[in-house]
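Chains as they are written, first to last, in this note's numbering: chain A, 28 to 531; chain B, 115 to 600; chain C, 4 to 130.
Do not rely on the hints blindly, as some may be mistaken.
What the hints assert, rightly or not - Using C-beta positions, here's what the derived DEER-type ranges look like: (1) A:G300 - B:A136: 54 to 64 Å; (2) B:G388 - A:W452: 19 to 29 Å; (3) C:H116 - A:W100: 46 to 56 Å; (4) C:K53 - A:W100: 18 to 28 Å; (5) A:W100 - C:Y10: 23 to 33 Å; (6) B:D271 - C:E110: 35 to 45 Å; (7) A:L514 - C:H116: 16 to 26 Å.
Said to hold, decoys possible - With the C-beta cut set under 7 Å, the calculated list includes, among others, these residues of chain C facing chain A: (8) Q41; (9) L47; (10) G92; (11) V102.
Just so you know, the hints here were simulated from the structure itself, not pulled from any lab data. Think of the CB as a built atom: it goes at the ideal place given N, C-alpha and C, for glycine as much as any other residue.
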Amino acid sequence: MSLATHLPALQVVLPLLSAPLAVLLRHGGVAFVLVTAGAWAAFATAIGLWLQVGQLEQGAFISYPIGSWAPPWGIEYRVDRLTSLVLLLVSGMAALVLTASRASVEREIPRESHYLFYAMFGLCLAGLLGITITADAFNVFVFLEISSLSSYVLIALGRDRRALAAAYRYLIMGTIGATFIVIGIGFLYLMTGTLNLADMAARIGAIESSRPVLAALAFLTVGISLKLALFPLHQWLPNAYTYAPSVVTAFLAATATKVSVYVLIRFYFSVFGESLVFDKLPLPQIMLWLSLFAMFAASFTAIFQDNLKRLFAYSSVGQMGYITLGLSFDSVNGLAASIVHLFNHGIAKGALFLLIGGLVLGIAKPGSAPPTPSFDRLAGLAKRMPLTCLGIVIAGLSLIGVPGTAGFISKWYLILAALESGQPWLVGAVLLSSLLAIAYLWRFVEVAYLRSPAPGHEAGTEAPHSLLIPAWLLVAGTIWFGLDTSLSLGSALEAAGSLVRSGR
Amino acid sequence: MTPETILAVALALPIAGGLGIALAGRVPNLREGVTLSTAVLLFACVVQLLDPVMLGGRPELLLLEPLPGLPIAFRVEPLGLLFALIASGLWIVNSVYSIGYMRGNGEGHQTRFYVCFALSLASAIAIAFAANLLTLFLFYEVLTLITYPLVTHSGTDQARRGGRTYLAVLMGTSVLLLLPAVLGVWFVAGTTDFQSGGILPADMDQGAVMMLLALFLFGTAKAALMPFHRWLPAAMVAPTPVSALLHAVAVVKAGVFTVVKVVVYVFGLDTLAGASDWLIGIAGFTIVAASVVALNADNLKRRLAYSTVSQLSYVVLAAALLAPLSLIGAALHIAAHAFGKITLFFAAGAIYTAAHKTQVSQLDGIGQRMPWTMTAFAIGALSMIGLPPAVGFVSKWYIVSGAVAEAQWFALTVILLSTLLNAGYFLPIIYRAFLRPLSVEAAAHPHGEAPLPMVAALTVTAAGTLALFFFPDVPLALARQMMALP
Amino acid sequence: MIEHFSYIVTVFLMIAGLYIVIARGNLIKKLVGLSIFQTSVYLLYLAPGKLLGGTAPILAPAYGVYSNPLPHVLILTAIVVGVATLALGLALAVRIREVYGTIEEDEILALDHRIEEAEEQGEERRA
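Please build the complete structure, drawing on both the sequences and the hints.
This is the structure in structure tokens:
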């Protein structure tokens, strides 16, 4: 079984290969097949890794030396429970979104650049998978830039001219974030003389209060927070999500910010260690308050958006607040809530933005540019696109955290962690903010189900099956992971148990 | 079939029925056939559970375990069985009635209507058989969501506003109050399974118990305790069959059922002793205040809605008395009010369908033209007031006995006062219908009884209201079993 | 002071670059600032890797003192990334110039604002 031992390398290499091949062949359809096949292969690899990790005992990991250079000198790929869950999420979302993408890309992107679009998609996927799997600090930065640069291009491909401005803005803010990260890594490298994360962690204990290490922590925190759109560093996100092509929004919303959270968890819990991050510095308090601001301010802003894509983009910023809130507790249940919400929210948002892509397709008039999904064009749409609208409602219920959906599981653990931390008022805050989610979801429900269409906007047909089926698989996922949580919650608890000191 | 299998079938049947209705949507007669046969089969299933439970059996079913230690599980116990019997039995009658109503009024979206109806019943049955708080909470929320399309059925601006209030109050309270209550129980007791005698530690701080009880009581807004009662009148924009079965039986009973269940199986009467006095006050206030509002409401459905608010608080009041007798009364009143109020709503719908009248002041002399309907209405009203020979008398008797046994004179006064108020807002309707002459305007628009299915349905429920007075054995036996009395 | 010379230059470049990115409205100037900002990082890595009198790392007894080669390798990668970012940023600036007719950020915002207003008015007219 030589193939099985090389799965960690294949995880990144397969989608990475599909990108240049797609460019060389210069054909939209072929590129679609190639990159989609690459994504599915990556998904299969992720499942394989998942099974391999499942056979290990808790806290153990698979280590893979790239090019057989033994760590800590060579680059190491490392797969543990958490890595494996994030790999599953990223590659699975990519596979489903790519499968669904054909009809939407056909409509939203000029035919001559289809092959480039798919090549960029493949690169972005490879980058995100690379960030997740690598255990080398500089490698994190390199993969981060691979995924970021390709996502700037993907966003800029949107039909609306505002997509260009949004991509430019994201490029500036994203590069500042990435540079902050590389500065932080630089300080760590200067102080420890190693780039391997585990090696770094072992050496940092003795010097953890030294000023360069504190500076490294500060630079990394700000840099990663920019990438994960932590309030108030989220300004790049709403426009980027709104004007990017629908499938790009679906993919990035489901994965990019989530992978950044993963990097943050890695640095906080595995490298710097909790005693520095949570005991000696006021970071948890800062993060708690920023998370609360995100949960309320962003969700509140979402209620008043007229463009459905922008509405859910702001909702994403708010939902990231739940994830960082869970982190700030520094407890097994808190971190488990973050991890499981990262997974659950990724699935729900992927489903939502895919279905919104379907809505855009459905209301587009033949021959003209695809319209913006603003509320006045969605009136009464549920009658003509029942499956799409129902899917949006169900995935939206998961954002609220209605029991029976995946969102409930995350919220339950978040509240449990708040109670454990001795701050019961946070329970009220979490629940109040989920009421805001009801408000913005119900704006859609009332418009789509209870209004009659404005004159001139009566047309609209159900999205093609190629889009509906993957999207509904994700919708079913939001229910499934609300009922059978052995995969999501089980691994989140296990990962949190081995990361947090109180769980070890 | 083992009782466990029957339980599984009872839970799955209405969901399967909903699917069948959706598939048969293009053929209305087949669709209604599916609804009716599902209802009949469901009732038969639930009845099958009666014997095993009476013999002390508690069939269980474990579905899934989404959270460690917190499974989605079902367990049949007497109170739940009583609720399930009422809901499934009245669903049959209500389906017959719906067919008459929906066709008679030419309503649109009928397939959606019947599908949502079947799914609402599915969640009601799941609530009835829930084995722990998490399962109950899950289906409590599902019931809110699945009835929303029924409330906003007509799609008018008024329906949209009503739906907004409905959702805002029900979801707002359940998320902000009920969920923390469930979590609190889990945090304190380490389990949320319903057990006779309660699961909370006996030495729990009195203040904490009171706090938790308040969270539960106000969080269960389906029980319509003031000030969270506004959703119920708002829900009256729905078609009458919805108001009849859901907003007089399934949804509101799910609320008071939750209250009784929590009091008996989560807190336990001993733990609560001394912590529930404030509740008697609030329930008493709701009873009287809602009756006063009903007294001044001219819209018939609105008057019935406020009557429901008041009657639901009887159950809450009875539970708060903490006397075994009054809790038996509470369980009985769930049944009694269900039969009485569904009859009243059926009658209101029949009047609307036949005569297109919605206001009390328009009902002069209508008894001559719709004798069956108005007689049934009178029987329902008797039950609401609590007069023999209607079942409302029996349940009220038990509640009053409990109040006397506990020497709760305030509660007793409230019950007596509200009886007068009930009479005050129901008797004038009967008086107008039978003893006033037809108005000139009404005389110019002749009409007879409503379509046959509707009249048949309301006759059956009115007969049930009377029959339960003479033969209250089954509900009484179940209620006694709940309190572990012989 | 003198032994920290390289750090002072690094920090100066870092702050100057970041300031330009934030303070300038011209898209090209922003990119210039971004490049300066990134360049400071190259220095941050390279300077500590240099040993006075050190040679290239050659495994032979004659060359006992050699500079750490790893930072150079890392920064080679970082430079590639920086060039790619700059190229993409410039390409976006060109595209923005084509569709907006300007590369001043405030003018672009004003144009977008006008579009949004026009969209809203159009919708009102239709309604």
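Ascending list of hint numbers which this structure does not respect: 7
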